Every structure is written in structure tokens, then in C-alpha cells.
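Student: Take the sequences, apply the hints, and build the full model.
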Amino acid sequence: MGGKPKTMLIGEDGLRHDGRKPDEMRPIKMQVGVLANASGSAIVEYGRTRVLAAVYGPREPHQRFMVLPDRAILRVRYHMAPFSTSERKSPAPSRREIELSKVIREALEDVVLLSEYPRTAIDVYLEVLQADGGTRVAGVTAASLALADAGVPMKALVAGVAVGKVGGILVLDVDELEDSKGEADMPVAAAPDIGLVTMFQLNGVLSEDELERGLSMALTAIENIVSMEKEALKRKFEAIGEEV
Amino acid sequence: MGGKPKTMLIGEDGLRHDGRKPDEMRPIKMQVGVLANASGSAIVEYGRTRVLAAVYGPREPHQRFMVLPDRAILRVRYHMAPFSTSERKSPAPSRREIELSKVIREALEDVVLLSEYPRTAIDVYLEVLQADGGTRVAGVTAASLALADAGVPMKALVAGVAVGKVGGILVLDVDELEDSKGEADMPVAAAPDIGLVTMFQLNGVLSEDELERGLSMALTAIENIVSMEKEALKRKFEAIGEEV
Amino acid sequence: MGGKPKTMLIGEDGLRHDGRKPDEMRPIKMQVGVLANASGSAIVEYGRTRVLAAVYGPREPHQRFMVLPDRAILRVRYHMAPFSTSERKSPAPSRREIELSKVIREALEDVVLLSEYPRTAIDVYLEVLQADGGTRVAGVTAASLALADAGVPMKALVAGVAVGKVGGILVLDVDELEDSKGEADMPVAAAPDIGLVTMFQLNGVLSEDELERGLSMALTAIENIVSMEKEALKRKFEAIGEEV
Amino acid sequence: MSITPFKMPVIPIIKKQAYLSLYEKGLREDGRRLDKPRNIEVKVGVLEKAEGSALVKLGNTQVLVGVKAEVGQPFKDTPDQGVLVVHAESVPLASPIFEPGPPDENAIELARVVDRSLREVKAVDLESLVIRAGEKVWNLWVDIYVLDHDGNLFDASMLAAMAALETTTLRDYEELETGEIVVKRESPGAKLKVNHKVVTVTTAKIGNYIIVDPNFEEEIIADYRLVLAFDENMRIVGAQKTGSGGMTLKDFKTALKTSKEVAQIYFKALEQALTSGSTQWAEQK
Amino acid sequence: MSITPFKMPVIPIIKKQAYLSLYEKGLREDGRRLDKPRNIEVKVGVLEKAEGSALVKLGNTQVLVGVKAEVGQPFKDTPDQGVLVVHAESVPLASPIFEPGPPDENAIELARVVDRSLREVKAVDLESLVIRAGEKVWNLWVDIYVLDHDGNLFDASMLAAMAALETTTLRDYEELETGEIVVKRESPGAKLKVNHKVVTVTTAKIGNYIIVDPNFEEEIIADYRLVLAFDENMRIVGAQKTGSGGMTLKDFKTALKTSKEVAQIYFKALEQALTSGSTQWAEQK
Amino acid sequence: MSITPFKMPVIPIIKKQAYLSLYEKGLREDGRRLDKPRNIEVKVGVLEKAEGSALVKLGNTQVLVGVKAEVGQPFKDTPDQGVLVVHAESVPLASPIFEPGPPDENAIELARVVDRSLREVKAVDLESLVIRAGEKVWNLWVDIYVLDHDGNLFDASMLAAMAALETTTLRDYEELETGEIVVKRESPGAKLKVNHKVVTVTTAKIGNYIIVDPNFEEEIIADYRLVLAFDENMRIVGAQKTGSGGMTLKDFKTALKTSKEVAQIYFKALEQALTSGSTQWAEQK
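Protein chains in written order, with our numbering: chain A, 1 to 244; chain B, 1 to 244; chain C, 1 to 244; chain D, 1 to 285; chain E, 1 to 285; chain F, 1 to 285.
Because the hints were derived from the structure by calculation, they are not lab data. No false leads were mixed into what you were given.
Stretch-level coverage of chain E by chain C, calculated; a stretch enters the list once three of its residues show a Cβ under 8 Å from a Cβ in chain C:
id: 1; region: 3 to 11
id: 2; region: 232 to 244
In the BS3-like style, the derived pairs of lysine-lysine whose C-alpha atoms are separated by at most 25 Å in a straight line are:
id: 3; chain 1: F; residue 1: Lys250; chain 2: B; residue 2: Lys155
id: 4; chain 1: D; residue 1: Lys136; chain 2: F; residue 2: Lys136
id: 5; chain 1: F; residue 1: Lys122; chain 2: F; residue 2: Lys193
Here the structure is a predicted model, which is why all the values come from computation and not from measurement. Glycine residues also receive a C-beta, built at the ideal position from the N, C-alpha and C atoms.
Tutor: Right, here's the structure in full:
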């Protein structure tokens, strides 16, 4: 949250340190079905941020008491590869990873039709392969794709993006530099097709007006990302069609 | 166990560093029923030492194999709050806390009528909120009150006190300074109504004569503390009577 | 693997730093039935290396799901006493001990007639009391004796020895100094009576020819050690005979 | 790994309809209106050996916070700042659903939300904690200790943390010739410099209703909770949706409006505790 | 404690006879001959933030290795050498048999076999990693990340580790007056000095057959596997029998012969990846 | 959390009546009288690489103690003293009731009672362990290793610890110009300075009887055990009631009287071992 380098974050031309406009996302790439063992999988890139998701299940959990009689339970692990960060990260789960696993699980739980699979577990494993800001929201996007790829029925697709405030200006899809030097970072995930915000966090300081504008900025971007998700899923099923 | 500051521990007037006579306890405070969720609870103060006790049960244990066919099992945790000590204590259980949990469990086990509740567990949780010497014996006193408050049937009430030796003199209810600078610390717990010593430890060096005199000094004090326990329990039931 | 002190490892007389010839083992001692509680036990010494083995079982495992319907499972723990090494070893299992537990289990698994005891566990506990090179292979020898002492049926006895390369020469039964300063350490275990190599590792660099010569050097030695095992077992049963 | 809670008490779920019927009349089981918090008690200075402390009761919820200050090293990338650590323990005496062991995901989330709400707005003046830049700084440990859990640990913990920090003093110390810092344990010390006051307000979505300061049973039946942190200038200095339900924009705006009003009540309770001065634990009797 | 695996998938065991019938004809389920490895893809430079990286696909097995270089201290007994650490994680997304948690005995064995095969032959020039002897050296972390487990993690991991090390660069750094080393994160840096190339070749004994590069099902039904490490001069620089079956001398010699041939195939795949230069992950699409 | 033992062997409980009938006749299952310990064997110097070691057999109970001395730092508050650490492991080869894992409450209690009995009377001269005050001192690790558990681990461990300490030597060392201390591993070294000899005597209350040196089955059926530590001047230098039964004052006095007598037997066994000199493990055969 240092003050000095703010001039670097937004240039005199109103562009960000990497040349983006305030409401411009980094290049997004998505691909589903990238792993053979998992029931479903996806890799998602937001710029240099790269998250791999795998879904196993619905399946009987290893610990058999860990079930609910009327629906599946969801188990989510957000984990960072040791080489994903500038300084090597210890592979033991940090407090941050424990919190984010919970926040991501809660961002998915309302859209998955858990009642279809009572007494089972659906496991979502996220591995951050490279971290450059926005890993939790890219993780939600990857998880949504992997769940769809696994054929798990969902009310709607989910996607996420983080809005930040740097040099007094609201910006879309903050990267690591903007996150660490900016004034606020607000990760949001939503299922636009059913009008629900499923992840909402604010780390930083915003006025009420900024909060509402930032949220709406995020929701517009999320609609676009969900469209890209649909494209990516379509690409896969077309590819399968061609093979058949 | 250094020698230099002994003159400070017992003054020329025969009084201790805080003005107490050798056989004088610190001010004791007790209150039962201080927590809403627990089946029974109590807070006990010996001077600045302050221990909170909660009892849950008799109840089915989380791990169902952890039972005995003919009686309840007792589970005791003695734990220090991180802010209870001069230097912050890590919340992970230390070897000392593990030993004291055992010693306190064994100080209670013979007075609780465990055979009344086969196949259940009775949980006693002790939190040292402030540590100034005598935490384990204040803990036994608090546990005894919380068990009574929970309505767990007992043969007798238990209480504890530590006798020490400082500057060659036996003293009652040692505080942290006396414990760390003195020659011996002997924590004792007993159920005077049934004539049983239920905790007995000696850390330090005593002659056989000192040992026997110290033990009898402790037992006299414990009788008084048990009387105070009865008062505290009476106060609560009177208060309930008034409310009704 | 330093280069300087190689001259020390093999003297001008062709003898090793402790006076042994290249294909000479250290003095070996073995004794079975050294513990009262265990179903079977043995202590084995290769020079100053000293390993104690105990076998419990076949018995019902503590975790009852941990069984196989058609045979016993084998559970092996290789552990070093804190005082066994030059610098005190932490008693928590190291990565090395975890790997060696696996390697030793696999060195025993093919000779124990596990199918005789379905739904049970056979536990083999190895404690390295003093470590001076070759602890894993002395451990296999001790485990083999303890299993026989416990009356667990086996296809054949197993024994182990490590071959090394120091100063360009293949040597038998490397000790700690030779292991740490030499060019290669190759631990081998085998059941010569059935012609099977059950442990085979190479840490170091060998030519194909050296590898094959080293392996054959190890197998010859192992035959001798197995003979000594038979002697040690005979001694015990004779002793029992005398007592009766 | 975060797992859907699968061992929740069933009673509240059975009572859900009863709760909803009451909400329709604008009331709650304990007679509160939907937008009112429970009774608040804040006591400061309840521990003598901690550098700061406060006990907060929010209805039946009790949270004790102790602040310890120790001389330590700064982080490498912030040599000119002290270190603030917020830690929360779910000690098993507080609730039948807590078990002994390291903090679970709920306790970690609690500590991290309180931490961020303090940190991002620079509530504690970390620069003032430097003893010798780059080498020796005060490490402030804010330990949240839940004693009795009847819901809304966020707001109770934030109130207790804030009250404890506002009354924290840093012991005097001496610098030896060797450079070592010796703390004078018995000194009264100087007051910790606090730049901003922060409270969080938690609302819960239950059925079609948004209620404030949920108790334990209300938390169980809630779709989600929204925790909003405010400073004394009513800037939003932190937020967290917690719980698995999705949130509409409309509900978000309603919750924000209600939360702003309740924040004033919390700030007032905090102010009263701080002006009424130190309170002994013994008075609790 | 090492325990006989008691939760193995049963399908492969049922299929064992079918496998053996195929082997008798010199073939395997995927059409391979007994002594041929699966299709090999090696991509280097797939991560921008790691100092070195490679993704290897061996059939359906996928292993990602990232190399991180950090300034640290040397070991006390090797003050004139850098530090090399090899670590492997069995992340649960790679296989239904992996569970979250610290590395199990298989992951530890994998890391230690790769480590020794690099270390004993001095594949990495640890002397060149010294920044200031006895005080500051590069610590090289080689993290093996299994992404998809279809057998033969040893060979795939060794290939990925070797390819990652061969393309690792050490950032430029500056030595401050205080003696501190400041790494220039954005610098391209100098290539890590690698003395030897190493590959491992894994064969498996199934029935009376010795096959190379077993897939997951073949590993389940194998009596044992033999891992042999070779350097570019075809010296044997490491070996490990893994699995509980005993090995005859005859089988050992057969396996050694086959392994030497397959080592050449691996070396060739490695060479191609290194000469074809850096490859973006995105091309994976 | 300490839990009432719920997995105890049942045989001893069934045999309790038989034991009591014997006690009435003044006898025990193995022919001993109530106030007599089992056969004691103390062997010192059984390990070459440890700085001190002893193997004690008390009936079928076998305890091995190794002492390691390492150069380390003193504790901050005792800069002019070495460091003594007592640690006990219940390795699973010693008993079917021991499981692999970190020390449980019984092993921790064992180590702490031995530790305090040595520490409070200053049995080891910690001042003589200082190499350079405030900076470098000897750290003495006393590792208690139970090899065969047939009851009364306290007395056997204390005997083994005492015998090991009495025969411990501190290696010679050299101080480099850099201030580093280099230990000469192969030197014979100087004898550790021991101020006091300490033994513990354990009695058990079973039915109406007080017996000394209980074996494993007697421990299972005992109401409690009383561990009393004595120095050579018969001062009481430590005490611990262990087990869940309550103790009358009368029983305490009886136990104290018996324990004083048995202490002499232990001291004698210790003395014999120390004067008969070093004993090789091999002689055990």
C-alpha cells in the first residue's frame, strides 16, 4: 500500500502500467478437458496468472461419514504450486489458502445442483501454476469450466474477476503489481444468468459510490467471461463431435 | 532457582514480597454459570491468576469408539491463552500443558461418579486467561465448580493450592515470582470431605519434615477453598431462586 | 563424495581405513529373542552399526479397515534413535526414514507367507541404536531374524549388505566413513535360498561392469550372513531345549 | 480443503419456519427488530498482564481479546513498520461445535477479516512501532478468544479487538550498549497510536429477509452473511460475503443501508467503553 | 511406517490375464511393443516466473517441473557449494488415488530417486552456485508436480527435471554494502551450469515379462519395477528396485539391456526439446 | 486433551483378585515381597557414538538412555548455564500398547518427572557446561528409549539416565579464530560434572496394599502410583502422584517409608555399575 510508485500504476495517458485501459481485462485463455484422469478439467489464464482445475466425482468420499443424506457435499482445495510465486512457496497449506478454499467453495455451492447426488462428494482441486494477481477469481472460472466438463449439473456458469483501485481510479482485472501497490482489491464472482453474486470480498478502502461502481464494473466483465466459458465448452464438444 | 533475590521474597518483617504472611492465600474469587453454551462453567481467581472452566456432557463423544461400557470417560484440556503470560504463548499445546491436562484429569477422576453415565464422555475445558502462579491448582478448583454447576454427580468437591519454599520458609499459595525464584513448589489438590489427596507434585527440594508440614498446610487451605466453592454454588442457586 | 581423502580410504597395502580387505565384512553379531513383549525380536551388529528389531503379530490392526481379505499386510517402521548418530537426530521421522521403511518393507514382502494370515497385520519395528553405515541392510537382517523368531512362516531368510566403491575399488560392507567419502554405495538384500534380490539401490556412479561385479560380491556375502542367521536361530532353540 | 458443513445442528433448521413467520411481523425470537443488534457490553482493561485487553458481550456471545506487544524484527519488505498479527482461536469451551486443535477455516477467516479491516485503512499506526528501523520493532499480537459462541463472532471480535487496541500501552524499554532492547515489564508505558476506529456490521439473508447481528441459530439457517467494515468516516474498509448462498444486487444495497445505521450503534458502544475507563474483570460478578 | 498398499484399484488385477496374453504376442494394450516407451512430449520454458520449467507428457502421464533459485546459506559441511533440493507433490488433481496432504512414501521416494540420480553424478555444478563462499549461495528448488498420473512418474519426472534444469537461468544480483544480496527479478540472467544429462528408465516385471515404461494399470499388476539412471556416457548413476516382488539376476540383466536402449530414446527427446527452444504453455491448446 | 484410558488390556483386571489374595500373604506373582524391587541390571557405556549411555533392566523392563552433547546457545535468561533436555520415546517395539508417533502424555510425563528430579537439585552441574558465557554452551540431550515395557518406567529410566550421565564425557574442542567451536569427535574428553545422584522409587496402591516397583499388570490394576525422587542425602527432590485414584495421608506416609528403603537398593545397584566400569553391549549375549 506504499504511496510513492502510484504514478507508475496509471500513466499520464490514463493507461495502466502494462498499457491496459482502466476497464480492460488481461488476455484470457481457457481450455477444457486437459487432464485424462479427472472427471472434468480446465486450464484458465488471465494474463500470466494460470490456474488448473480438476473435478472428481460425484463419488463416495474416502471417509464415509462425510456425507449429507439429501445432497452431495462439495470439497474445494485452492493450492499454489511452490514455483508459482516470485519467492518459492512452501507446499503446506497457508492460512490464506485455507480461507480462499472456503471462499471459492462458497462461490460455487449455490450454482451446483448438489441435491441430484445425495450421499456423495464432488471434489474440486485448483492448482495455481503461476500467480500474477487474480488467482482466486481465475480459480472460480476454471472450477466452473471443470464442473461443466465433468457433466455436473449446474444452475448456471460462474466466473470471477477482481476490480481494484489504483491511483484513485477503479481498474478491472488487477494484476499482482496493482494489487500490492494499489488502494483496494475487490474480488467478485457471479453467475450472471441467474443474477447472483457468489463471491464478494473487499481488501482496501472504498467510498460507497466506488464500491457500487466497482461491483457493476465487475459484473459486466463477468458476463463476458461467462460467454468465453460457453465458447470453450462448445469448442470441446465440437472437437469430440469431429472425432466421432 | 537463583539465590540472590531471596531476601526480597521474605522481608525482615517475615512478610512475603506482596505483603502476605507465609500461610496466607491471595484473594480468591469464584463465580459459577458464567457461560451460556456450556453445561456448567466457572471462573476462579487466585490473585492475578485467572482460570475459566467449562464442562460439556455427559454426551456422546465425536469418535464413537472412545467409550467405556461401564462408565463415562473424562476428557480434560488445560490450555493457556496466548495473552495469559508475560511473553506471548504459542496456542499450540506445549509439553507442559499436555502433562498438566493429565495431572488435572487424574485429580478429578476419583471424585466424579463416572459409573452413572456409561458410554459417554464428560469434557472439562480449562482456559488460563492470566497466569501468575498456581494455574493448575486454580484450574482444579474451577473444574470442580464447573462440574457441580453442570449437575455432574460427584462424591465430593475438589480444590487445589500450591505450597512453596522461599528463603527457607514454607509459604502458601505461591505466585509466579515465588515459584520461579523459590526452592520448591508443591501443587496439591484434595477432596477434604472424603479425605483424599487427588493431585500431588513436588518440583524442588524438601526434607521429609518439610514435605509433611507443607502437605498439611495445603490441606488446611484446601478445606477453606472448598467452603468457598460451596458458597459460590449456593450464591448461584439462590440467584436462580430469586429469578423464579 | 569429496576427492581429497581417498588415499586414506584404501591404503598402499590395499587395505581399507580400518584394516579390512576389500571383500571383508565387519564383525557381525546376532542374537534373537532379546525382548519379552514382542512376538519375535533380534539384535544385529555390523561392526559399530547396531539395529534392534521387534515383530508384533499377526494381529488385528488398530484401524480395522486396514486389512486385505486374502492376506496379511506388512507394516514396517525403520527409525533411528536420537543418540544413534554423531549429531543428535530429531525423533520425528525424516524423509530418509520414510523411504527406507518402504524399501525395507519391500525387501521382506516377497518372502513372508502373508496369505497364511488374511485380515491381519504383521508389524516390524526397527530401531537403529547406533549408525555407522549399512543400517538399512543390517535392518533387513534383523527383521528377517525377528520374523523367524516370531514364528511367522517365510519362504526363505533374507539378509542384506552394502557394496561400495572407494578409491576406484569395490568394497564390501561399507561403513559410514566409506559411504560418505566414497564414489558409490549399493545396498542389496536377497533371499539366496530362493534366488531373489529383494532390495536393490544404487547411490553413486558405477560402470555396467562394476555394477554386475558389485552385485555378485553382495550376493556371496549375503549367503554367508544367512548362514549366520540360521546359526543364531539354532542357538536360541537349543537354549530353549536346554531349559526344558 | 474446504468441505460443505455436514455436521450442523438440526434444531435451527426445524425452527426456520417459525423464524420466518416472526420476521414477517418485523420481529425476532428475542423481541428484536430485524435491523437491531443485541445488547452490547464492552469492558476494557480486563487483564493486567496483557498490554491491552477487552471483553465484549453481544447478547450471549462473549469474546475476549488480549493484545501482547513484543520486541521483534520487522518484515524484510517493510523495515520501517511494526508488525501486526491477528489470530483467532475457537477454544472448545465456547461451543459444542468447537473441537480442540488448530484454528479451522472459520477461525482463520474470522482472524483474516478482522486483520484486513484493520490493516487496509491503517487503523494501527505501524510506523510508530519502530524501535530501530530495519532491526527492532514492536510485534503486536491481537489474540481473539471466543469464550461463548452465540453467533456474529465477526462484529463481537472486531469490537473487542478495537477496544483492546485503543487501550493498549507499549511498555517503556531500555537500549543496552549491545543493542539489545530490554522491556520494563512493570512500566505503565505509552498509549498505542491508533489512526482510525473500525467496526464491522454483519447482516444475514434468511428467506426473503435481511437481518442484522444474527445469533447462532440464525447463522445456521442463513443463506449467507455479509460482513461490511466501516471506519469512523463511514468509508468501507473491508467486506466479505461468507456462506454459500448467492447474493442479489438489490439485497446487497439493502444490507449496506442497514449496516451503515448499525455501525453508528457499535461506534457509540465503543466510545462509551473507552471513556468510562478501565474495568476490572471482577466487576463481572 | 510403511504399509502394504491395501486400497488398490481392482480393475487392473482382473485384467491381468488379458495383459499377459497380449504380452505373449509381444504387444501391449496400446499397441506398443514390450520394450518401447510411450509417446514423449517435452516442453520447456512453460512458466515465466520460475527460473526454469518443463512440462513432460509420457503418454497420458503429465509432469510439470518448476525450478526456483533463491539466495540462501550453504550447508555447514559444504560451504563452497550451492544447495539443490528436489521435492515432489502428489497433488490430488492428478489421480483418484492421490489425497491432499504432505507427500506420502511414494512421492518421497520419487523425489529422492530423482535427487540422488542428479546429485551423485554432480549433474548440476553446485560449485558454480556460490555467491560468497560459506555465506551466500543459490538454493535451487526443483519442484516436481504430477498433473496427470498414468504410470511411470520416475521417467517423466526425471525428464522434466532435467529439461527444466537445462533451461534454468540464475537472475543477476547486486551485492549491497551491507553484504545483502538483492536479486534483479526481471533480469534474464545467466544459464545454470549443468555438467551431465541424466535420464532414468523404468522397467516392470509382470508375469514372466519385462516391459518398459509401464502405464498405471501395468504398475498395479507388476511384481516390481526397476529404475535405472544413466548419464550421457551411459554410466549407471542411480538405481532403485521399487515394489514388493523379488528380482532374479537374469531378469536384472534383461532389464538393464532394455533400459540402455530406451535411455537413448529419452536422451533424444530431451535434446529435441532443448534445441527447439522455449515453448509457451498456450501452445498446448 | 487428556482422556481416561479406554483401551487397556483386560487380562490384568480379571487377575486382580488373584493378585490381592497373594498380597494378603505378603507375596507377589513372581515371588517378591510387597516392598522389594525386581532384579536390577545396570550396564554403562553400551554405545560408542553417544557421549554417555546406559542400559537398565528392571525385571523384564528394559530402558536404554543415550546422552548426546552438542555445542549450542544458552537460554536467554541463563547465559551462564548449559542446557539439559530430557526426552522420552515410547517406541512401538517396546509394547503392544505403544504406537508410532510423537510422545503421548505418558512419555511426556515420564520425561518431565525425570527432568525435574535432575534439575531441581542441580544434579548436573550446568555451570560447568559453559564454553563462552552467553554464547556457546554444551546442550546435553538425555534420550530415554524404552525397549521393553513391563512396568515402572519411572525408576528404570531414572536409573538409566543417572548411570548414563555419570559416565558421560564431553569431547575436547577447539575454538577457531572466527569464534566457531569445533568438536573433536574422536577425543576421549573430560567427565561430565555431576553434583548429586538421584533415584526415583515408585510405589503403587492396589486394593488396600502398597507395593513397590509394580510390573505392567500391577500398574494396570493400581489405583495410583506415587513416584518419589531422592538424592544421596535422602532429601526429597521430586514427587508425582500418577493415576486417577485418590491418596490418603496414611498411605502417603507408608509409601514414603517404603520408598526410602528401596532408594538404598537402587543407589547400591547404581554404584556397582559405575565401579565395575564400562560394559559392552555384546556381553549381553
